[in-house]
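Novice: Chain by chain, the residues:
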Amino acid sequence: MEIVYQMLLAAISSGTPLLFAALGGILIERSGIIQLGAEGLMLMGAVTACLTFIHTGSLTVTLLAVCGISIVLGMIHAFLSVSLRANQIVCGLAMTLFGAGLSAYLGKPVSGLPVPRAVPKLDMPWLEAVPFIGRIFAHLDYLTWFSFVLVIALHMFIHKTSWGLHLRAMGDNPATADVMGIPVHALRYGYIIAGSILIGIAGADLLLVYSPTWTEGMTTGRGWIAVALIIFARWNPVRALICAYFFGALDMLGFRIQLIGSEIPSYFLKMIPYIVTILVLMFLGWRNRNKPSGSPEALGVPYIREQRF
Amino acid sequence: MKHRKKAVAASAAFLLALVFVISGCSSSKTNHVSNNSTKTPAETAAGNAAAETTAKLPRVAFVYIGPPGDGGWTFEHDKGRLFMEEKLGIKADTVENVPESADAERIITELAQNHDIIFTTSFGYMDYTLNVAKKFPDVKFLHTAGYKTNDNMGTFFGKNYDASYLSGIAAGKMTKKNVIGYVGAFPIPEVIYNINAFMLGVQSVNPEAKVSVVWTNTWYDPTTERQAAVSLLDKGADVLLAYQDSPATLQAAAERGAMAGGNDSDMTRFAPEAYLTNPIWNWGPYYTKTVQSVIDGTWKSEQYSGSLADGMVDIAPLGPNVPEEVRTLVNDTKTKLINGEISVFTGPIKDAAGAVKVEAGKTLTLEEILVMDWFVSGVDGTIPK
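Protein chains in written order, with our numbering: chain A, 296 to 604; chain B, 30 to 414.
Check each hint, because a few of them may be wrong.
Stated by the list, open to error - In the DSS-like style, the derived pairs of lysine-lysine whose C-alpha atoms are separated by at most 25 Å in a straight line are:
1. Lys586/A / Lys455/A
2. Lys264/B / Lys206/B
3. Lys264/B / Lys565/A
4. Lys365/B / Lys379/B
5. Lys120/B / Lys318/B
6. Lys363/B / Lys379/B
7. Lys120/B / Lys403/A
8. Lys85/B / Lys318/B
9. Lys416/A / Lys177/B
10. Lys403/A / Lys108/B
11. Lys163/B / Lys85/B
12. Lys177/B / Lys414/B
13. Lys565/A / Lys177/B
14. Lys329/B / Lys363/B
15. Lys85/B / Lys120/B
Stated by the list, open to error - Computed list of chain A residues with no C-beta within reach of chain B, every gap over 10 Å:
16. Gln301
17. Ser406
18. Gly407
19. Val414
20. Leu422
21. Ile431
22. Met451
23. Leu482
24. Gly485
25. Pro507
26. Ile537
27. Phe578
28. Trp581
29. Lys586
30. Glu592
Stated by the list, open to error - In silico contact screen, one side only, chain A against chain B (beta carbon under 7 Å); selected entries:
31. Thr351
32. Thr508
33. Phe550
34. Arg551
These are calculated hints, taken from the structure and not from any lab test. Don't be surprised by glycine CBs; every beta carbon is placed ideally from N, CA and C.
Working from the sequences, and respecting the hints, build out all of it.
Specialist: Structural data, given as structure tokens:
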């Protein structure tokens, strides 16, 4: 029982950055734009969080700064992919490389410095009385709680509101949405920026909560795993939560298997999350071979008004 | 018309991407070699004329595995560099975050073209340093912790297992649950003999305690180090030690109310209340001495091994929450180690499977210690074959 409890807690702490990034990606991709820049945006979010928190010591200022940087990066991404209609795969890769390089440069002065505990925990000792579940939720930090709220809010937004309907329509068939009077370009700008903010917060969460030291390239592929998560979750926020914790647990599994005394070389244990990503993608591809993938139908196709397809 | 527009847009995006890539690449490495001690044209002209009369100061470079801000391994090397610079009035160049891959050989080659002494400060640079050393016979190379040498390449390291033994005494005294965790970087002799020395230290004061080991397969990656530490804490460890370059283990332990130490440097400032102690390095005097001997022309390739006695190896001051009794015990044992009254690897020592590895009364030689590939009994972990 103790081990299940520890694994769940570890899965949540390791999965929360993935969850934020996946939610941001879902918002962007639902509007019909491919989001491959998560790795770079997360790194920029993390380095911004590190620099501002070390210099100001204020969590509010830090989160505002992360939002600010993410808005700027989101605008660049939106300008390239919506206004210039550039190839969205190239745009995404450019954002990743740009974020990785710039964050490494900006992070030089704080590289390796420990960041003090920034995000307070929401202690609710009375919750511990609830059997099993209570202990997990009694001492989580505010950002984790925010991610829970966000999952529900985004789910309601996408599936239960007329704004969400517009979002889905825009992602499936922007021409029809346009005819309905939905301002496709303006809204795509909006969703790319909103999604980028969430991905920036994913980086901030990674740095402020999960591993409070800035290191060059500290996301180590988490942005890419978030991209894969969106596909596993079939662009659904609630499924994204389950998938994120699943991967969070895998991330922590390697050391636990080592501690059981297994003879599997630790190099292989380190590969677990990445191998599972490939296996799950293969399995889903096989299982859903006759079904639509759930992806927005116009994903990756730049929308040009009055263009015939 | 539309196609043309599309093409323009696509090429604009591509150009932008290219700019990003270039800015990304250039930001990571180039700016380090900027404060090169190479001379201005005027100085060179003057230098050529005066070369015979004044001794020319050697141009020194350091290759680092992590950033000097890591608070551990590279931090100490950088402190040593500053010490040497101050003593000798030399401005050395540094390149940080150099991976232990073919990249290292490229960077060392670049440095060799305009430097006289190059310190490569990580075990994994060994073969790359040797390859470059063979190509540049006039440049002196000094490699940390390795075992390969050349006429112009020496090695330097220290008997840090003595300090690990002392940390073990502190850990053995401080553990209440008798479960101690050890975050190891790589399953190589350097880490293995330190874990063994630590275990022997623990057992000398607390025969009941066990040490669990996990491998991270990285010298410097705070995220992974923290994950490893958390998995040990979840297993029930109440004292942790890490043979890693960052204080991530100490920070993770502090959050859970456990005690911990890191490696390489005094880490008290990262979590004073949770700090135990750990082995530390003091490279400054060695760097100064080595560069001085090159200036004097007396330098010879050697395998230098520092110790508690000469101060290259030491143990960090024990944390404020360690009781006085433990401090005294650690200090007394340190004196005995320096005097040679006791030594760490003196038998009887059994390995984890129970086979006698060192018979009673025998002591392992330095050569035997440097190739150690087995755990002493009481260590719970696996060494990949």
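Novice: Hints broken by the structure, by number, lowest first?
Specialist: As far as the earlier hints go, 9, 13, 14, 16, 17, 18, 25 and 31 are violated by this structure, in ascending order.
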